[in-house]
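Enquirer: Line by line, the protein sequences are chains A and B. Residues in the first sequence are numbered from 259 upward in steps of one, following the working numbering. Residues in the second sequence are numbered from 166 upward in steps of one, following the working numbering.
I should point out that these hints are in silico values taken from the structure, not numbers from a laboratory. Some hints could be false.
As the list claims (entries may be wrong) - A few chain B positions that, by computed beta-carbon distances, are all more than 10 Å from chain A:
1. Ala-244
2. Leu-253
3. Asp-259
4. Thr-273
5. Glu-279
6. Phe-283
7. Leu-289
8. Thr-294
9. Lys-295
10. Gln-297
11. Pro-313
Claimed, not checked - Label pairs and their in silico Cβ distance ranges:
12. B:Pro-199 with A:Arg-321: 52 to 60 Å
13. B:Val-241 with A:Arg-321: 22 to 30 Å
14. A:Glu-311 with B:Asp-316: 41 to 49 Å
15. B:Gln-252 with A:Ile-329: 20 to 28 Å
16. B:Phe-283 with A:Glu-381: 32 to 40 Å
Built from N, CA and C at the ideal position, the CB exists for glycine as well.
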Amino acid sequence: MRVPRHLRWLLVSLAAVLLGATTWAAAAPVRFDSREELFEIPKGTWARRMAGEKIEILPQEIRLVAGARDILVLRNRDDVPQIFGPALMMPGQTFRLPFERAAEYEFACTAHASGQMTIIVDEPLASPWARLRWRARKALKRLKRLKQQGYVSWRS
Amino acid sequence: MKRTLSLLAGLAALLPVSFAHAGDGDFKTGVFDPPSTAPNFELPGSNGSPVVLSKLRGKVVALAFGFSYCQRVCPVTLANLSQVFKQLGAAATDVQVVFVSVDPDRDTPSRLREFLQFFDPSFLGATGTKAQIDVVRQAYGVFATKAPSEDKKLGYEIHHSSSIFLIDREGKLRLLVPFGTPPQTITHDITLLLKR
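Whenever a hint applies, use it, and build me the whole structure from the sequences.
Expert: As structure tokens, then:
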């Protein structure tokens, strides 16, 4: 079968773009603006929960990167104490938990239906493969968020 | 001369800020900022006297919740704290471990004493009625739920929060140590708290 010339060019261009993007994702160093991954309970959360609204602030799984983004910061901006992850936090209080080693950490968390929260601290993004995987995971996460917001849709 | 003095004065003014910042940054476990007063409690103790948290001011308190029939979590926590005491050496006299039972039906004061002595004779156990324990648990955000045990002889076990709370000499809840934190890290943070 003979592929039309313009289609061939299109396929070659697409392959080149894909190759370029993959090379960039693997080679470009990952830079973080801060070592902290921050989650906040906004003011009024308790009142909204009491009114029957289902609010999920802390994801069940959080991914950090050793040596680069390895400090979990939880902040309670609400007016009442809240159990947030592994800690009971007073109004206005911040809880800062650093992780020294790459590993998977399980925490009891009554805020989740499973009663558990997982923090995965990845190895430093030193190799091209690690950077590629990290960027792919991040892109997938963004896509899922866009799906949740209704901007994109697909069958899972 | 005047310039040197003003430079020194400027540096002196900066010092407390730098130390305060460096001090908090040095902790390796979970830091509460600002720290709040650790909820007080009074419970029957394993030493035959009531354990009153506020009476332990002046010492750093390592507060853990668990139960003596625990087979997986509590022995590890207490063995780690025992190791911490060895690493602290003489400074351990300024630290008090308090182990609050989440199994008041089975953990009597004498049972706790027997259990804790295995790790360190200075460790203090606290128990009470279910209602008393529930109040303390809730004040610290500690969960505890009964579940059938794999070991039929035990009947049940209790799934519970496994972090250690570190309370400073002034009775402020400063740090939360997640389960599995190496003893060296705990020793490091307790040493910092002792210096404050």
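Enquirer: Against each hint, give a clear statement of whether it holds in the structure.
Expert: Hints, one by one, checked against the model:
1. Ala-244: For Ala-244 (chain B), whose nearest Cβ neighbour in chain A is about 19 Å away, the distance exceeds 10 Å, so it holds.
2. Leu-253: Given that every Cβ of chain A is farther than 10 Å from that of Leu-253 (chain B), nearest at about 20 Å, it holds.
3. Asp-259: Holds, since 25 Å exceeds 10 Å.
4. Thr-273: Per Cβ check, Thr-273 (chain B) is outside 10 Å of chain A; nearest 26 Å; holds.
5. Glu-279: holds (27 Å)
6. Phe-283: Check passes; 25 Å lies beyond 10 Å.
7. Leu-289: Holds: least Cβ distance 22 Å, greater than 10 Å.
8. Thr-294: holds (22 Å)
9. Lys-295: Non-interface label stands for Lys-295 (chain B): nearest chain A Cβ at 19 Å, farther than 10 Å.
10. Gln-297: Answer for Gln-297 (chain B): holds, closest chain A Cβ roughly 18 Å.
11. Pro-313: The claim stands: Pro-313 (chain B) keeps its Cβ more than 10 Å from every Cβ of chain A (closest is about 16 Å).
12. B:Pro-199 with A:Arg-321: 52 to 60 Å: Check failed, 29 Å falls outside 52 to 60 Å.
13. B:Val-241 with A:Arg-321: 22 to 30 Å: holds (26 Å)
14. A:Glu-311 with B:Asp-316: 41 to 49 Å: Given about 42 Å between the Cβ atoms, the range holds.
15. B:Gln-252 with A:Ile-329: 20 to 28 Å: Roughly 25 Å apart at Cβ, these two residues keep to the hinted range, so it holds.
16. B:Phe-283 with A:Glu-381: 32 to 40 Å: holds (38 Å)
Comparing the model with each earlier hint shows a violation of hint 12 alone; every other hint is respected.
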